[in-house]
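J.: Listed below are the residues making up each chain.
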Amino acid sequence: MVASLNVTRDTKVQVRLHASLPALQRRLPHPWIVASSAQGPHAGANLIAVFSEVLLRQDAGGRPAPNAVDLSATFLIPTVHAETQDPATFILRALTANPDAAPGWFRVATLVSAWRARTMTGEDQHTMVTDEILLHAADGGVELRLEYDAGVPVRTQWSTTVRSIVNPGLARIYRSDALVDVVYSAPAGVARARDVRLNVAVPPLRDLFDGTERVVSIAAVPWFFREELALD
Amino acid sequence: MATSGSAPVLDSTIAERILLGFQVRPEVLQSRLPAPWRVGSTPAGANLVVIFNEVFLNQDAGGAPAPDATTRYLGVVVPGRHPDTREEASINLRIFAAHPQAIPGKYRTSLPAVVRREQRLVSEGLAPTVEEHCTVRVSEGEEIDLRLRYTRGAVTHVPTRSRGRSSADPAVLRVYHVDQLAYTVRDASKGVDHVLDFAFRATVAELSDLFDGAERLVTIVASPWYSRRVYSE
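Just so you know, the protein sequences line up as chains A and B, in that order.
Using our numbering, the letters of the first sequence correspond one by one to residues 1 to 232.
Using our numbering, the letters of the second sequence correspond one by one to residues 1 to 233.
Okay, chain A solo, but in the shape it has when bound (with noise of 0.2 Å):
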C-alpha cells in the first residue's frame, strides 16, 4: 500500500485546449509523445489550463501543508509513452499566489500577484456564476474571465501519472475525486459558457498561445479532492 504524502481540497475551472502540436512536442522528453484526448466532451485537447482555489492541502499527518491555501493556475500536457503506452500528465508551467509553492515539488512553479472575483447568483434549480481570475507576474501573466449557467455536475473519479516536464523522474501519481461542470464543449455541443477571454502573455508559453490555439472545453468544478501519493 502506497502511503499518501498529501491530500488537497479546492475548487478549479479546467480550461482544455488545442495548441500547435509541434510546440508541444518539443518541450517532451524522449520518448513521451503527446496524446490529445481522443473522443467525448475534450476531443481533441492537447493542452490543459487549470486554475484552482486551493482551499485546504495538509501533509501525510494532517496538518497544514505550507502550500496549505493557494491560487494557482497550472499548464499540463496528456502523454503516452511511445514504447510501453502508459498515459503520464506533464506539468509545464505553475503560477502560484502561495511563496511556499514555488517553485513547487516539480519545479516548474512561479510566484505571481493574484486576484479573483466570483460571483454566483441562483435562485431554486438555476444558478449562474460569473469568475474573473488574473495571475501576474514581472514578465507577463494570465487572465481567465467567463461566465456560465451550472448545470448539474458528474462525479467522477480518476488516477494520473503526473510527472515535471524539467525532469520526469519527478513523478507522483494523483487520485481525483471531483464534481465536473462541463460548461463549454466544442466537441459536445455544450454552450452554457458566455463572455469567455483566456489571455496567456507568460514568455515561455509563447508559442503555445499565438493566436493559433483554441478553447475546446472548460470544466467547472466546484468540488475536488485529490490524493497525492509517491510513484513506485
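These are calculated hints, taken from the structure and not from any lab test.
Predicted model only: the values in this text are computed from it and were never measured.
Cβ coordinates follow ideal geometry from the N, Cα and C atoms, glycine included.
Please note that the accuracy of each hint is not assured.
Quick list of the computed label-pair ranges, beta carbon to beta carbon [to be verified]:
hint: 1; chain 1: B; residue 1: Thr-160; chain 2: A; residue 2: Gly-211; range: 48 to 56 Å
hint: 2; chain 1: A; residue 1: Trp-158; chain 2: B; residue 2: Val-158; range: 21 to 29 Å
hint: 3; chain 1: B; residue 1: His-133; chain 2: A; residue 2: His-30; range: 53 to 61 Å
hint: 4; chain 1: B; residue 1: Ala-214; chain 2: A; residue 2: Arg-63; range: 35 to 43 Å
hint: 5; chain 1: A; residue 1: Gln-58; chain 2: B; residue 2: Glu-88; range: 26 to 34 Å
hint: 6; chain 1: A; residue 1: Ala-188; chain 2: B; residue 2: Leu-196; range: 53 to 61 Å
hint: 7; chain 1: A; residue 1: Leu-21; chain 2: B; residue 2: Asp-193; range: 53 to 61 Å
hint: 8; chain 1: B; residue 1: Pro-159; chain 2: A; residue 2: Gly-169; range: 32 to 40 Å
hint: 9; chain 1: B; residue 1: Val-122; chain 2: A; residue 2: Val-152; range: 25 to 33 Å
Residues from chain A that keep clear of chain B, each with C-beta distances beyond 10 Å, as calculated [claimed, not checked]:
hint: 10; residue: Ser-4
hint: 11; residue: Asp-10
hint: 12; residue: Thr-11
hint: 13; residue: Gln-58
hint: 14; residue: Gly-62
hint: 15; residue: Pro-87
hint: 16; residue: Thr-89
hint: 17; residue: Gln-125
hint: 18; residue: Gly-141
hint: 19; residue: Glu-143
hint: 20; residue: Asn-167
hint: 21; residue: Arg-192
hint: 22; residue: Pro-204
With the hints as your guide, set chain B onto chain A.
T.: Relative to the frame of chain A, chain B by itself:
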C-alpha cells in the same frame, strides 16, 4: 456500495453550507420536540441551528443523481438528547426547500420555498472576502434573509459523525458521516469574530416564537467544502 458497519449508505451530498447557531428560549424549543427528547446544545452553546445549504449534487444509494440532484434549502434543527438512551441527535424541525422533488423530504418536514442565494468572493492574494446574501421566501411576507460579509482565514478539516432525527417522526434516523472544511466566522464562546457585516431577519409565522427578538446569535460557521454520506444506523 459503501457501508457503515452493516448499514448500507442511503444517499450522499456534496454542498457548501453556512451554519448559524442561536440561543433561543429553551421552553419554546422543548414544546416542538417529540417526547421524551430534551433540548441540548452545541459545543458553542447554541440550542437552535439554522443551515443554509447550496447543494452541488445529491446522489442516491447507488451513486446516481437523486431527483433533487441540485438544489438549495434551509434547515432548522435543534440539538436533542434522549434522557433514557442518552442518544444525542439533531432534531430536524423544518426544511424549506427549493426543489419540488425534495418535498416532503427524508425527514418529512420539508415545505416548498423560493430560495435565492448570491455569493461574491473576492481574493486579493490568499485571503478572500466573502459576501453572502441568502433569501428564503416561504410565502408573501414570510421570509428568512441572511446578509453576511467576512474575510476567510485558514479553514480547518473537520470530519464528523452525527445523528439526525425528525421532529415529525423521531423513528426517522439518518446517520451522517461528514468530511468538510470549516471556517469559524464567529464563536461568542471563544471570542472569535471575523464578521464584517451581518444581518439576519426571520418573518416566517411558524418560527415567530423562535425569532421573537430574544434570540442571540452565538456562532457562524462557513463550510466551503462539504461532503457527506448518510446511513440508516
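J.: Hints first: check each against the structure and report whether it holds.
T.: Tested hints:
1. B:Thr-160 / A:Gly-211: 48 to 56 Å: With Cβ atoms ~51 Å apart, the hint holds.
2. A:Trp-158 / B:Val-158: 21 to 29 Å: holds, 26 Å
3. B:His-133 / A:His-30: 53 to 61 Å: holds, 55 Å
4. B:Ala-214 / A:Arg-63: 35 to 43 Å: holds, 42 Å
5. A:Gln-58 / B:Glu-88: 26 to 34 Å: holds, 28 Å
6. A:Ala-188 / B:Leu-196: 53 to 61 Å: violated, 42 Å
7. A:Leu-21 / B:Asp-193: 53 to 61 Å: For A:Leu-21 and B:Asp-193 the Cβ distance comes to about 55 Å; the hint holds.
8. B:Pro-159 / A:Gly-169: 32 to 40 Å: holds, 35 Å
9. B:Val-122 / A:Val-152: 25 to 33 Å: holds, 27 Å
10. Ser-4: With a cut-off of 10 Å, A:Ser-4 remains clear of chain B, as the shortest Cβ separation is near 14 Å.
11. Asp-10: violated, 8 Å
12. Thr-11: Not fine: 8 Å to the nearest Cβ puts A:Thr-11 too close to chain B.
13. Gln-58: Nearest chain B Cβ is 6 Å from A:Gln-58, so the label is violated.
14. Gly-62: Incorrect as stated: the minimum Cβ-Cβ distance to chain B is 7 Å, not above 10 Å.
15. Pro-87: holds, 25 Å
16. Thr-89: holds, 24 Å
17. Gln-125: violated, 6 Å
18. Gly-141: Nearest chain B Cβ is 15 Å from A:Gly-141, so the label holds.
19. Glu-143: A:Glu-143 is indeed farther than 10 Å from all Cβ atoms of chain B, at 15 Å.
20. Asn-167: Answer for A:Asn-167: holds, closest chain B Cβ roughly 28 Å.
21. Arg-192: Holds, because the least Cβ-Cβ distance between A:Arg-192 and chain B comes to about 13 Å, which exceeds 10 Å.
22. Pro-204: Holds: least Cβ distance 24 Å, greater than 10 Å.
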